[in-house]
Structure formats: structure tokens, C-alpha cells
Amino acid sequence: MDLIAFPPPPDTDVEGLRAEVRAFLAEELATRRPQDRSRSWSGFDADFSRRVGQRGWIGMTWPKRYGGHERSALERYVVLEEMLAAGAPVAAHWFADRQSGPLLLKVGTEEQRQAILPRITAGECFFCIGMSEPDSGSDLAAVRTRAVPVDGGFVVNGTKLWTTYAHHADYMILFCRTGSADDRHGGTSQFLVDLKTPGIAIRPIADLAGEHHFNEVVFEDAFLPATALLGQLGDGWNQVVGELAFERSGPERFLSSFTLLVELVRALGPSPSDHAAAAVGRLTAHLLVLRRLSRSVAGMLQMGENPALQASLVKDLGAIFEQEIPDIARQLVDAEPSQQSTRDFSAVLAHTILNVPSFSLRGGTREILRGIIARGLGLR
Amino acid sequence: MDLIAFPPPPDTDVEGLRAEVRAFLAEELATRRPQDRSRSWSGFDADFSRRVGQRGWIGMTWPKRYGGHERSALERYVVLEEMLAAGAPVAAHWFADRQSGPLLLKVGTEEQRQAILPRITAGECFFCIGMSEPDSGSDLAAVRTRAVPVDGGFVVNGTKLWTTYAHHADYMILFCRTGSADDRHGGTSQFLVDLKTPGIAIRPIADLAGEHHFNEVVFEDAFLPATALLGQLGDGWNQVVGELAFERSGPERFLSSFTLLVELVRALGPSPSDHAAAAVGRLTAHLLVLRRLSRSVAGMLQMGENPALQASLVKDLGAIFEQEIPDIARQLVDAEPSQQSTRDFSAVLAHTILNVPSFSLRGGTREILRGIIARGLGLR
Amino acid sequence: MSDTSQILVDTATRLFEEQFTARQRVAAESGQWLDAQWQAVEDMGLPLALVPEEAGGFGLPVVEALDLIRLAGAFAVPLPLAETMLANRILANAGLELPGGPLTLAPVRPDDRLTLARRDGGWLLSGTAHRVPWGRVAATVVLARCEDPCGDAGQDGQSFAALVPAGQADTAPDVNLAKEPRDSLRFETLLPAESVAPSPGIAPAELHALGAAVRSIAMAGALGRVLAMTTAYANERSQFGRPIGKFQAIQQHLAVLAGQAAAARAAGDIAAEAVAQGGSLLPIAAAKLRCGEAAGVAAAIAHQVHGAMGFTHEHSLHFFTKRLWSWRDEFGGDGEWGRLIGREVARAGADGLWPLVTAA
Amino acid sequence: MSDTSQILVDTATRLFEEQFTARQRVAAESGQWLDAQWQAVEDMGLPLALVPEEAGGFGLPVVEALDLIRLAGAFAVPLPLAETMLANRILANAGLELPGGPLTLAPVRPDDRLTLARRDGGWLLSGTAHRVPWGRVAATVVLARCEDPCGDAGQDGQSFAALVPAGQADTAPDVNLAKEPRDSLRFETLLPAESVAPSPGIAPAELHALGAAVRSIAMAGALGRVLAMTTAYANERSQFGRPIGKFQAIQQHLAVLAGQAAAARAAGDIAAEAVAQGGSLLPIAAAKLRCGEAAGVAAAIAHQVHGAMGFTHEHSLHFFTKRLWSWRDEFGGDGEWGRLIGREVARAGADGLWPLVTAA
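Residue numbers (my numbering), protein chains in the order written: chain A, 1 to 380; chain B, 1 to 380; chain C, 1 to 360; chain D, 1 to 360.
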């Protein structure tokens, strides 16, 4: 396999849809400030998500019988990239649209799908992902949270960490141990957890800027009915690995700092210096290439291929790009970053500087991704 | 130990000496073209070295009884940095002044010292270093060249590689195996080898630009007298490691691309753009800091300390600096690099681009150095 | 280092260790003024460390006094210690009385201009100074030009130092990334004659350079701490069955971090010596630029090694990285100082570059 | 890809594999013209790959024809294949006869200007073109403005294509880092009427962009080869008792190299599609810049992994890295193309940036 040859993205006509989304966003976000737009996919707005659902833009590729719209992966891609480029607050429906819904479609029971998927597509049912734990970050197989079979279901004990928006979510996809701790991969399973279940406590974790997105979710003898099991008992590891290509190649992997690039262009004005023009031109060139790579992976996913390696390449390149934007911006425009600034550029710069460190950690650290790529090259 | 706190360099008055060296170089190098200057410490000129020796600038810190001048390490430093900044062809006396002479002083016999050192300081006896082998680059302990004791001396067989200027040198400091191959460190020794010894063949190895600096030196039953042993039998590893601090912290570790920086300033002229000024200013700032770090290590060496870790830090930072100069220069001045160009900037750029890859390989690869630093931090 | 200095450094280290824990830093971030801590710092006399002996200081060599600022950086001390040290030095230099209490400096942004004019036997101070450190709580030592009418001072255009008590300016609060106050102060303030004096040798441009020097030194301190924290974390945190510090990828990162910290430390030393020798601009510019660059590289590595843990408010890493990300742009960012050096190089010309480097 | 194209690619691969070994590359570096190899390439018809069927080409889709240039890059083919392909296309486009043999293009530097004027029933070509690829051996297809007197052509200022036989210009030889000829040609040359024709749609600026596109595509090919060579070397070379590819530090390097090679490949594809669709400037500019940047990063890693071995002339790595270091600056470097894109972005404005990106 030629790892570096990405096939051309599907040649789908999406410009009508794109215009529709732009018109919708122009109206929805008319008053959204740049510093709010710069939150990118961590902006949460349940009402906005409901309206997105009403437009048919959640679960776009899913079967109609589950509330989906049976559209192509590239059409979904267009909606998503337009939302991210505009800085729309997608977080409420985001995790379900990207990961949880597709997982339910792939391994869920008919009952689970019918109960949940239409509510997701309506923008009325929000998900969070319960993967990481205090001692299991990059080393996912080290999870200790455990579901023990009991009469009629399972009892769960343990602690999940870094669970984004658990405090607003209806459900968690829980990844935990159901077998022996020695069986690193085989002894794990996934569950569909209603967060109103007794025995689940959600505690905020402030991030370095003092904001609350993360949570610690503690399970203390939480009882899950047998129907909460998602997929096969003991198959959790394989199911999770299958999600990764979906998680690592989307436009969210290179557009997280895009608002700052927009504000940089605004601050530089219509007659940038030669150097500023070259710097912005370079970033734009990177963006064009990343977008092509990412759309190519979307096309591969649509064809049913497993572009896990290509997705890792996109995420690694994308994170470099997202992280260098604030470095470049602050060299081109003289401004001390301040989240409280009344100057858009300064406020967006501040938000971006404080957030970029996470871009090469979330969804697989840079070192883990590069290890995966190296293995793909035949080095390990 | 606080690894990152470098003591202030000794406060030695060296400006008189500096002026002397500058005057000497101004005359000696009046007609030397920039592309020749850009060879930095790989420029070879035996006549020039003899005149440097006549000025008392080789073996400056060595005892007078061996032809040295008993001057301070900082005085030697000044002579060296002036030579390198001017692009003087120092290679002929360079290896002996930096490494081989100090090694002889440290572990040589009185006979060896008296026979060799005065000729070095006179600029009439040139050295090369026989360390690397085909299968022993970073892994020096893997050397296979072997000296077997025979009546009255040793017989050497094996092949040394990358031996810079062996084809012009009088002597080689040979590092080879004298004990068991299982004893990775203990079974090695050093020898002072007269390159006119029968059984030694020197073959050129062209570098990527097609130039000849490197050699392969093949020993076939070459007989060395017992008096060629340098230091203790079996002590080669410790002796070599002791050389490293001398080899890794000098101005040659950050001035290798300096000629290009000079030609860049010339090409930009008296009124650079804001961006060009900032870029040159940044490089100059790095240079000031590197020079302070390097002179600090010179001071530590003079005090008899063993700043091996600090030297590794200087070399690592210095190589980054030397390697980024061509990248920055080509962004600031529009010129296609060509070694045959009649335009100085283009010719110097070409030479530098072709040579910078070696700067993070020679004298310990970047990865090896960083491993040493990590160990110094307590990580291994 | 002299024995006195070593004792001072040791005592200050103990003080900072005792007084500044995460709890104080969180309180300061939320906008609280740490009065008890300030008193402790003041009781030890640290704000006077840069004041000459004849003006009531304790005659510490300048380089050693500035080492306190490195220490404060290493403890993320959320107080205007560096600002007060500099302000007291400027007051003493101008022969004005040292008021005690926290002080700050203005202007700190290169485009801000403050002016003084004779009015009613005293002085009228006018103008706006942006992003003044701790402007909301500290008295401000202002450097201003005397403009017409200067009256009998007869020194139009000369630089004056003036002491403005806290609360005498229209204050628009703002902060840096570490939530340290960086406030806009609008002055239209009558000052008594005894609060104003000529400030020989220190004009606003020199103040800017002094500020750049102390921020460089503080960055060197913070970077040393970031290196120590990150090394310790790499040895503690296990993944895949061993400490992450055993992985070569992490080791290579940490070696780069150490290099940046060492470069910043040397740059800070360069800046301190330049201040001691009278404030030569080139080395201070180089130091500020180099420390600012080290700050960016080092903070990125530190967060990468700390992983999600370092991204929480609970972990202390951010107290240092947020300061580094702020300080690198205060008193002139990399670009501003780089241009200054680059223009000096251009003036010296290609063949003057090396002499410029060895003379700096 | 069509079956015909796949057959062509496979055949060309075999040809390049057979014909271009280190021996040929060394000979070319020493200044030798590889006539037998050129004949083999020409016999296969590759120089006509971009010529429309009606003008004697074999009607290959443009994107697939350009893939031959990627292949040539992957084999460091030391012949003006890309130049001849483009030159034949320009001649065909202008309705001029295709002469066969190696061709090149001029001008290739943005500041060079060539002019044509009517003279004695033919044309006088004047001006100097610098750094013309293979100028010393190839016939040159020139793009020039017709200036007064244009005579009955009556088209002052229009762009004309002209074919100048080899050896008709004053030649000052020069080379790039890979020792590929890059010669200055000074023309003061009378051409017969049938060698000159209007060149609708291709002016010197478009020629510059076409050149940038083919160099991007060639860089993508060379980078793929560099990745393969470096991966293989890491698996072969042992240090400290195991292949260096088992060390995490080397693995992380190679992953970065793979990312750069993938980005360059995608950029090359973007450039090829832009040429196929008529030569839109923005994607070509982006491609050239991105491939040039990848070239620098990737070549540095490749040499770092290859160690001293890759620094010898005997090892083949340098044939590729020297081309990468040269090609990134030919037909416009990163800065030139970045400025072009950046100015287009500035024209579109902040809110026009995203629409510009999705339309490109």
C-alpha cells in the first residue's frame, strides 16, 4: 500500500448545499463575536443544535429509518466544514454526529438505534465519550473502570476523566473493563449509559484558562441494564479502534484555529507587507492541502475502506498547522493577548494560545500518532 | 547540579589579542572569496597554518616546554572564534589544536609529547581522527578495527571511515579494539599512528557535493611500535569520552554557517525591510546567547571542570542555529543556489545548503546528544 | 556571588516557597490582592534591592539584586515585585522619596506618551498609559516629558519621574493570560511639586528596555521551573507500564526543553549584566527576544509531556506557561526587539556584524 | 486511471528503472548528455504526452500525462523531460511544428523579458534568459512579446511562441545544486517566419506557473522516493545492536517525513488538476509552496536518518535531496508564491478567506 498516495476526493456537486449552510449560518451567527467563534467545536448551544437538526444536518449519512438523511459523506463534510469555518457552536450534537451515532449504527441493537438515533438527528439528544481515566490517557488498554455482570445487567465502578460536556450530555458511551485485567485488549466492552442513572456523579474540572468543559465522571455501584451493552461483550477494544479513523481526519483536525487566521487577515488589512502576505499565503496553501487530504479520507470512508493510517497523517499535519497559527499571528500583529480585551484580535489570540496545547494531545497524542504512522511504514 | 545555569565566562581582557588576530586575518584573507570563507573549519591551507603557528596561535594553552604559550582558554577561544568568523582555512592545524594535542598532553608519554607537540604548535604537523568505522557511527563501542600485540608492538587490521583530511595528515589518533569484542568499552585503546607506516592505505570518499574531505583508511597488517600506544592499554573508551567536552562546545559548533549570515546582511543592504531586520536581529540574538554559553564552557574547562553535559547543550543549540541560517537566508533573498554562480550570495548559499545536513551528525548526532542530555536530567 | 547575596537568595527562596502555593496563585488569578504576602515580601526589604545604599537600599550588586526577579519568576509570584524594584530605583535615581508599598511603572507600551506641565505651583500629568502592570492597586512611577508650559523648570522636553498615588487615574482593568492585572490608566492628575523631579538617564525608552530586561530574567526563572516540573512529571507518570520519561520520544523533547531553558538562563544573565553596566540596548534586546522564543518552544513541550493533566487548572504548570506566553509580548515582543537589533546590524554592515557581536 | 495510462506508467517505470542508475546520474552530474537514454525516452513517446491527439500526441488526460513527471522525479531522471513535455504542448498550442529532440523553455525567471520584432521577412529575437534548464543542449521554446516593429502581424504586445534551435544563443553555463544545467542564454537571433506564431492563452506568466506546477509534481515524486529510501535504510542500518528503525526517535522522524511526503503528493495532485483545468494560479501557487516546504523538512530528516552514509556521493540519497533543494527555488520560491496567495487573500478580505479556500 502506498501510504502517501491519497486518492482524489469524490467529485460530488455540493455547492448548492454549501450555499444553503452559509445562508443559515450567516443568520444564526450574525451577532456571534470572534472570541466566541474561536471556541470552534467546543462551543455548546443546545438551541442551535436543535435548529441544525431541523435542517437535516445531523446524522446526514444515516438511514432514513433512524431519522437520517442518506446523504453522502462529502455532503456531511461540507456541512461540517462550513460550521467549523464559521465558528458555529456545534459541541452539543457533535460527539453523537461524529462518533456515537456511527457506533450505534455499526454495533448497536435495533432497539438501541430506534430509541436513540432519531433523537440525535433531531438535535435533542447529546452524547459524551467515556474513554480516558486518571491512569489511562494514551494507554487506553489500561482502563480500570469495571462493569461486573449481575442479575439483569451490570454494576459499574470507576472514574472517567476529561469527559467533555458530560455535564450537558444525556448519554455516555462508556469504555470499560469487563474481563481480566491481564487481557489488555480482550477484556473490554462498551456501554450506552443514560447519565441519569443513579450512582453516577459528574464533577467539573477547570481547564488551564479556568473554564469548564471537562468533567470527572465517577461510577459508584451504578447499575446498567443488560440492554445497555453496546456491541459484543469483550469486543470493546476492536470497536474503539474502529472509531479512530472517523475521529482523526475530519476538518476539525485542522480548522480549530481558523478564527484566528480570519482575524489575522482582518488585522492585516487590504495591503499587507510582502512578508505578511507571504506568511498568510503560506498558511492558506497549507489549508488547501490539508483540506484535500481530509476530503480524500472522507471519500475513502465512504467507500468502506479503513484509512486509519491516512487519518493519523491528517491529524498530525493538521495539529502542526493549528498550533503554528498563533505563533505566526503574534509575529505579524503587535498585540498582547488578553481574553478580556475589547480588541477582537487580542481576545481571539488569547483564546487560541491557551487552547492550542491540547490540539496535539486530544484524540491521540502526537507521539502516539507518529508511532502508528511508523508502524504503517513497516518500522515496528 | 543545575544543568541550565552556566557560570559567567571568565572576565579576561582579550581585546588586544583580538585586534592582533583581526589585523593578521585582514591581511592573510584579503583575497579570499566568500564561497571559500564559507568552508569554515573545513578549509585546508598548510601554509596558512604554518603562519598561524609562527604567531603563537596553535597550542596556545599548552606548556611552553612543549612549544605552547601558556595562555588562557579564553585567549585561545578569541583566536579561534576570530578565525572562524573570518572564514580562515584552519583545518590543517585544527584537529591537533583542538583534540590531539590536548590528548597527548593528558595521556601521552613524555617522549610522545616532546616529539610531537612542538611540531604541532609550529603549524607543521597535522592530525586526523580515526574513530568511526563502517558499522560504528553513533555506536562507537562497536569498532572492529583491532590492534593485536606482537613482539615489539602491535599489528593493526581494520577500516576507518569518514576520516577527514587523512590524505593531508601526518598522524592519526587511532581508536580501536585491543581486548575482547564482548567488553564493549573496556577492550579499546588509542594509538598515535604515523600515517607513513606501511600497510596503511588512504582512499578518498567524495561527499554529496562531489568534494574530497573524507577518507577511508584501511589498515592491513600495519605494524605499530609499542611506543605508539597512547595512554593506557584498554583505557581507550574513557580517554575518548574525555575529549568530548572539548569537541562539543567550541565556536565551531555555531559558526559553521556564519559566512552566509554575513553575505545575507550584505545582500539585504543598509535598509532592510522590517521583516528582514527582525529575522537578522533574531539570528544575531541567538548568536550572542550561543557565544555566551560556549565561552562559559571554555571557562569551565579552564577551571578543570568536566562540563560534558553543558557542551552537549551548546552543540545541540548550535547545530539548530547553523542549520536554520540557510532556510532563513533563502526566504529573505531571492536567489537560486549555485556553487558555480558568480554571485557571492548564491554561491555561499549553495555551499551552506549542501553542508548543513552534516552539522547535526558530526561529533555526535543530534539524537545521541539529546539522549546524553536526557540522562543528565535524570531520565534514563 | 557574595555571601550576603547567597543569604538573601536563600531567604527569599524560603519566603517564596512558604508564601506562594497554588492557593495564593488561584486567589490572585481571581483578582484578589495578596496583602499579607506583599507585607512579607516588603518586610524582607526585597522591593529595595535595586536601590543604591545611599538612598536607603542595601547596596547589593545589581546583577545579584536582579536574581531575585528570576526567583520570583521561578515561583510565579503574583505580585508586582519586579515593577516595584525598578520603580524604587527610578525614584531614588531622581532623588524622590520612596513611598513604600507596591509600585508600578508607566508607560509600558512604546506608543504611549505622558506629559507634564507646570500648574498651580505643582504639576499636571496628562495622557493614557495602556496595560500598566498592577495599575489598579499600585502607586505609579511615571516617566513623562515636560511640555510647555514648563515654567521656571525651564526644561521643555526633558524626562521627569513622577510618583502618582494609587487610585488617581481613570482605570480600565484588563489582564494578561495569567490574569495578572494589566490596566489602562488615564491621567489628568495634579501632582504636588515634591512628587516630580528630573529623571536623568532614564527616559521612557530606557524604561521600556529595563522592563524588557526584568521580563527576560523572570522568564528565565519560570523556564527553569517548567523544566524541573516537566522532568519530574516524566519520571512519575506511567503509561504502557513504565514512566513516560523512559520513552525516547519524551527524552528527546526534554532535551530540547533543557536547551531552551539554558539559552533563556544565559539570555537573562546577559540582560542583568547589561542593566548593571548602564542599560546597553543590544544585549537587552537579544535577551528579550531569545527568552521569548524559548518561552514558546518550552511551554509547548511542557504541555505535550504533561498531557491532559497539565491542561487542568488544578495542576500548577499553567501558572508558569501562561506567564511565559504573556511576558514574551510585554515590554516589546520578539519582532520589536528583533527589528531593533537587525537595524543596528544593517547600520554596521556585513563586515561590521562580527565586531558588533564581540562588542555586545 | 485509465488502462492505457496504467500501461504507460508501468512501461515508463520499467524504462526509468533500467536506464537511470547511479552511473548515469553521476555521468550527468559531470556534464555529460545522456543521448542513449534520451533516445529511449523519446522512442517511447513520453515527450509528446501533453500534446493533444490532433497535434500528434496520444490523447492522454493531462493529469495522467503529468504523472510521468512525478515518476521522473522519483527516479531523478537527469534529462529535460518535463521541459520538453511542456515545450511540445506550447508549440502544438501555437500551431508550430514539433521538432523532436530535447526542448527547453524560456524565460524561466520572472524578471527576464524577451522580445520579438519583424526583421527581413522573419523575426529578430532579443534578450537574455537566465537559468534556462538544459539551455546548452536543448532547442528553446521561447515566449516573447512582439514589440514595434511588428509589421503586418499588427499585434504589438501579444505573446508569441518561437522555436530557437540549440546553439543559437550566447550561452553562459551554470548549474543547480544537482548539477543540472541552468544556463544563461543571450539571444540576438534571426528566426524564420515559420518558427514563430502567436501563443494564445500562454504568456510568460502562465509559463512560469506551468513550470511551478511541473516542479511541484517532480518534487512529490522525489519525496516519495526519499521516504522509501529512508525507511529502507532505517530497517537495514544497525547501531547499538538493532536496526535504527526500532528506535523511537527515528520512528518519530520518519512519521514526520511521511507526513511531508503525503502533503507534497497531495499538493502535486492539486497542481496537476489545476493545469488540466486551464492553469488556475492559486492552487499551483499553493502546490509549489507546499512542496518546497516539504522538500526542506523531508531532506533534513532523510539526511539525519542516513547519517554519514547519506552524506557520501556514493550513496544515492543526494541525487534526490539536491534536486529537492534546487527545484523548490526554481520557477518561483516559497516566498514569491506565498506573496501571490497572500495578496489574493487580502483582496478577498477576512470574510472572503473561507470562500476562497473552498473555491480553489
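Hints may contain errors.
Pairs of lysine to aspartate or glutamate, EDC-like flavour, derived with a Cα cap of 20 Å [what the hints assert, rightly or not]:
| id | chain 1 | residue 1 | chain 2 | residue 2 |
| --- | --- | --- | --- | --- |
| 1 | A | Lys196 | A | Asp235 |
| 2 | D | Lys246 | B | Glu247 |
| 3 | C | Lys246 | A | Asp139 |
| 4 | C | Lys246 | A | Asp135 |
| 5 | D | Lys246 | B | Asp135 |
| 6 | B | Lys106 | B | Glu15 |
| 7 | A | Lys196 | A | Asp183 |
Computed spacing ranges between beta-carbons, pair by pair [said to hold, decoys possible]:
| id | chain 1 | residue 1 | chain 2 | residue 2 | range |
| --- | --- | --- | --- | --- | --- |
| 8 | B | Asn157 | A | Ala181 | 52 to 62 Å |
| 9 | A | Pro63 | C | Ala228 | 30 to 40 Å |
| 10 | A | Ala23 | D | Glu194 | 51 to 61 Å |
To give an idea of the interface, some chain D residues facing chain B are shown, with a C-beta separation under 10 Å as derived from the structure [unchecked claim]:
| id | residue |
| --- | --- |
| 11 | Leu34 |
| 12 | Ala40 |
| 13 | Arg109 |
| 14 | Asp112 |
| 15 | Thr115 |
| 16 | Gln158 |
| 17 | Lys246 |
| 18 | Ser326 |
Hints are computed from structural coordinates only; laboratory data are not their basis. All figures in this text were calculated on a predicted structure; none of them were measured in a lab. Just so you know, even glycine gets a beta-carbon here, dropped at the ideal spot from N, CA and C.
Here is what the structure says about each hint:
1. At most 20 Å may separate the alpha-carbon atoms for a hinted pair to count; Lys196/A and Asp235/A exceed this at roughly 25 Å.
2. Using a Cα cut-off of 20 Å, the hinted pair Lys246/D and Glu247/B is violated, with the two alpha carbons roughly 29 Å apart.
3. About 15 Å separates the Cα atoms of Lys246/C and Asp139/A, which keeps this hinted pair within 20 Å; it holds.
4. Using a Cα cut-off of 20 Å, the hinted pair Lys246/C and Asp135/A holds, with the two alpha carbons roughly 17 Å apart.
5. For the hint pairing Lys246/D with Asp135/B, the CA-to-CA distance comes to about 17 Å; that is within 20 Å, so the pair holds.
6. Between Lys106/B and Glu15/B, the direct Cα distance comes to roughly 30 Å. Violation of the 20 Å bound is thereby established for this hinted pair.
7. A threshold of 20 Å between alpha carbons decides the hint, and for Lys196/A with Asp183/A the separation of about 31 Å lies outside it, so the pair is violated.
8. The beta-carbon spacing between Asn157/B and Ala181/A, approximately 56 Å, falls within the hinted interval of 52 to 62 Å.
9. The hinted range of 30 to 40 Å is not satisfied by Pro63/A and Ala228/C, whose Cβ atoms lie roughly 56 Å apart.
10. About 57 Å separates the C-beta atoms of Ala23/A and Glu194/D, a value consistent with the hinted range of 51 to 61 Å.
11. Nearest Cβ of chain B to the Cβ of Leu34/D: about 18 Å, over the 10 Å cut. The hint is violated.
12. With its C-beta approaching chain B no nearer than about 26 Å, Ala40/D sits outside the 10 Å limit, and its interface hint is violated.
13. Given hint, Arg109/D at the interface with chain B, holds; its Cβ is 8 Å from that chain's nearest Cβ, closer than 10 Å.
14. The interface hint given for Asp112/D is violated, since its Cβ lies 13 Å from the closest Cβ of chain B, which is over the 10 Å cut-off.
15. Given the 10 Å rule on beta carbons, the hint for Thr115/D is violated: about 23 Å separates it from the nearest Cβ of chain B.
16. Interface hint status for Gln158/D: violated, as the beta-carbon distance to the closest one in chain B is roughly 28 Å, over 10 Å.
17. With 10 Å as the threshold, the beta carbon of Lys246/D stays out of range of chain B, its nearest partner Cβ sitting at about 13 Å, so the hint is violated.
18. Look at Ser326/D: its Cβ gets to within about 7 Å of chain B, closer than 10 Å, so that hint holds up.
Hint check: violations occur at hints 1, 2, 6, 7, 9, 11, 12, 14, 15, 16 and 17; the rest are consistent with the structure.
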